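Going down the list, the protein sequences come from chains L and R.
With our numbering applied, the first sequence corresponds to residues 1 to 138, in that order.
With our numbering applied, the second sequence corresponds to residues 1 to 340, in that order.
What the hints contain is simulated information worked out from the structure, not anything from laboratory work.
This structure is a prediction, so every number in the text was calculated from the model and none was measured.
Incorrect hints may appear among the rest.
To be verified - With a Cα cut of at most 30 Å, we get these calculated DSSO-like pairs of lysine-lysine:
(1) R/K320 <-> L/K132
(2) L/K58 <-> R/K320
(3) R/K62 <-> R/K76
(4) R/K66 <-> R/K76
(5) L/K58 <-> R/K66
(6) L/K132 <-> R/K62
To be verified - A short, non-exhaustive set of chain L residues, derived as facing chain R with CB atoms under 8 Å:
(7) F32
(8) A33
(9) V45
(10) M60
(11) A84
(12) M85
(13) F90
(14) T94
(15) L97
(16) A108
(17) F110
Idealized CB from N, CA, C, for every residue including glycine.
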Amino acid sequence: MVPTVFFLLQQTATDTPARGPIMGYIPIALLFAISLAIPVGALTVGRFFRRTVMTQEKMMPYECGVDPVGDARDRISVRYYIIAMLFLIFDVETIFLFPWAVVFDQLALFGLIEALIFIAILVVGYYYAWRKGALDWA
Amino acid sequence: MPPFEQLLEWSVKIAVGFIILMTMVAYLSLIERRLLAFIQMRYGPNRVGPFGLFQPIADGLKFIFKEDLIPLDADKFLYVMAPALSLVPALMTFTLIPVGGEVTLPLLDRPIALHITSINVGILAVLAMTGMGVHGIVLAGYASNNKYSLLGGLRSSAQLVSYELAMSLSIIGVLIQAGSLDLVTIVERQGGGWGLGWHVFWFQPLGFFVFLVSMIAETNRAPFDLPEAESELVAGFHTEYSSMKFAMFFIAEYANMVTAAAMATTLFLGGWQGPGVTRWPWLGPVYFLLKVAFFLFLYVWLRASSPRLRYDQLMDFGWKFLLPLALVNVVLSATLALWF
Numbered sequence: 001m002v003p004t005v006f007f008l009l010q011q012t013a014t015d016t017p018a019r020g021p022i023m024g025y026i027p028i029a030l031l032f033a034i035s036l037a038i039p040v041g042a043l044t045v046g047r048f049f050r051r052t053v054m055t056q057e058k059m060m061p062y063e064c065g066v067d068p069v070g071d072a073r074d075r076i077s078v079r080y081y082i083i084a085m086l087f088l089i090f091d092v093e094t095i096f097l098f099p100w101a102v103v104f105d106q107l108a109l110f111g112l113i114e115a116l117i118f119i120a121i122l123v124v125g126y127y128y129a130w131r132k133g134a135l136d137w138a
Numbered sequence: 001m002p003p004f005e006q007l008l009e010w011s012v013k014i015a016v017g018f019i020i021l022m023t024m025v026a027y028l029s030l031i032e033r034r035l036l037a038f039i040q041m042r043y044g045p046n047r048v049g050p051f052g053l054f055q056p057i058a059d060g061l062k063f064i065f066k067e068d069l070i071p072l073d074a075d076k077f078l079y080v081m082a083p084a085l086s087l088v089p090a091l092m093t094f095t096l097i098p099v100g101g102e103v104t105l106p107l108l109d110r111p112i113a114l115h116i117t118s119i120n121v122g123i124l125a126v127l128a129m130t131g132m133g134v135h136g137i138v139l140a141g142y143a144s145n146n147k148y149s150l151l152g153g154l155r156s157s158a159q160l161v162s163y164e165l166a167m168s169l170s171i172i173g174v175l176i177q178a179g180s181l182d183l184v185t186i187v188e189r190q191g192g193g194w195g196l197g198w199h200v201f202w203f204q205p206l207g208f209f210v211f212l213v214s215m216i217a218e219t220n221r222a223p224f225d226l227p228e229a230e231s232e233l234v235a236g237f238h239t240e241y242s243s244m245k246f247a248m249f250f251i252a253e254y255a256n257m258v259t260a261a262a263m264a265t266t267l268f269l270g271g272w273q274g275p276g277v278t279r280w281p282w283l284g285p286v287y288f289l290l291k292v293a294f295f296l297f298l299y300v301w302l303r304a305s306s307p308r309l310r311y312d313q314l315m316d317f318g319w320k321f322l323l324p325l326a327l328v329n330v331v332l333s334a335t336l337a338l339w340f
């Protein structure tokens, strides 16, 4: 790990310094390590200070003071699944639009017409989902 | 640049950024309570230290000393993992946000750029990291085996997913104008013209509106705070959480607020751009913080003055109003970009 990092750093010394394509990710990796240390530290520190007394009642799931009825992990409304599927479709669409938007300067009119056709197809699907009631809640 | 020096520069920047972010998170919680109190004609927390300034420290100490409960039927592994899963991405996002241009420091012979890192897919990385935060909330709801938590987790999964669509679609207009995914480039393109180059004025007011609304929904804040809805779901996904685990959700929420405000500033309000930054580069971070503070004030203001939406209204608003609006914005900004 460390030799690799230093090899990459050596590369920057000769190559482009500030905005080398891979180099930019190293601080993110560094910060990831630091961010991981925070939850771990936070969960261990408290252990040395507090008093813990566990009772049966205290460890019950909270249900406004009444003993919990049944298990919480029950069947889930189908609406959530529909939303998840619709999200997938539209999210993929958005991902396709990202690179198009970045190079829009070069694509010009051609790019605009292409994108309009692309969006039109999706709007048809969106209209269908709306009319079928997939977007209605209740 | 020698490797060691580069590594040192990153470490210093990360440390400074981290400290600033944590201070902002701690004091945002205090400022929010004080502001809410003032809006409701109360005093708010003013006992600990002058003007209650030490309140966040007292809160932190209290979190450490509280009992750490794990409910009997909880999925232990996921129950412990969930707060970390929402905290880690929340803390990571700020690496990519530029808080200023290039400044010169005494004793250094080269200019220092006031951003920790800049990668050519900056926006995608930020979107990916903020998207990761959903998992923490959903898993917290599932793992606690509490009916309120499960409902809160489910609601938030559907809500976050719906508003994420509108949010990423509203960014596309900005990308067309800036022609880059790199946040540093996006900010640089918005300079000049006495602020008229900011994307909120330069053909993206609609995109700004969509981004603003979905950013509030993404951070689970009022009027979109359905996942935690105190009065109906007790506290939603973190009902069963106590002690440091609750604190981690709390920090994650506030860090997300700061990040979302910073993203809105970077994408639409010209980031660190402002009058005089080219001559005095140190004004950059000041402008940036002022703009972020504006958004943070907006968050508190909205919480104090707007009622919570009903769930079907929330989904309707996201899918039948914001999403079409964002699509219209994409087409509009592409057409406009062709002319200008």
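Structure-based check of each hint:
Taking the CA atoms of R/K320 and L/K132, the gap is about 14 Å. The hint holds against a cut of 30 Å. Distance hint between L/K58 and R/K320 is unfulfilled; the C-alpha atoms sit about 44 Å from each other, more than 30 Å. For the suggested pair R/K62 and R/K76, the alpha carbons sit about 24 Å apart, so the restraint of at most 30 Å is met. Distance hint between R/K66 and R/K76 is fulfilled; the C-alpha atoms sit about 19 Å from each other, no more than 30 Å.
For a cut-off of 30 Å, the pair hint linking L/K58 to R/K66 stands: about 14 Å separates their Cα positions. Simply put, L/K132 and R/K62 have alpha-carbon atoms about 52 Å apart, too far for the 30 Å limit, and the pair is violated. The criterion of a C-beta within 8 Å of any C-beta in chain R is met by L/F32, whose closest approach is roughly 6 Å, and the hint holds. Restraint check, L/A33 versus chain R: the minimum CB separation of about 10 Å is more than 8 Å; hint violated.
With 8 Å as the threshold, the beta carbon of L/V45 comes within range of chain R, its nearest partner Cβ sitting at about 6 Å, so the hint holds. For the restraint placing L/M60 at the interface with chain R, the shortest Cβ-Cβ distance is roughly 7 Å, inside the 8 Å limit, so the hint holds. At its closest, the beta carbon of L/A84 sits 7 Å from a beta carbon of chain R; the interface hint therefore holds under the 8 Å criterion. Restraint check, L/M85 versus chain R: the minimum CB separation of about 11 Å is more than 8 Å; hint violated.
With a least beta-carbon distance of about 5 Å to chain R, the hint placing L/F90 at the interface is held under the 8 Å criterion. With 8 Å as the threshold, the beta carbon of L/T94 comes within range of chain R, its nearest partner Cβ sitting at about 5 Å, so the hint holds. The beta carbon of L/L97 is positioned within 8 Å of a beta carbon in chain R (closest approach about 5 Å), and the interface hint is therefore held. A least Cβ separation of about 6 Å between L/A108 and chain R falls short of the 8 Å threshold, and the interface hint therefore holds.
Using the Cβ-Cβ criterion of 8 Å, the hint placing L/F110 at the interface with chain R is not satisfied: the shortest such distance is roughly 11 Å.
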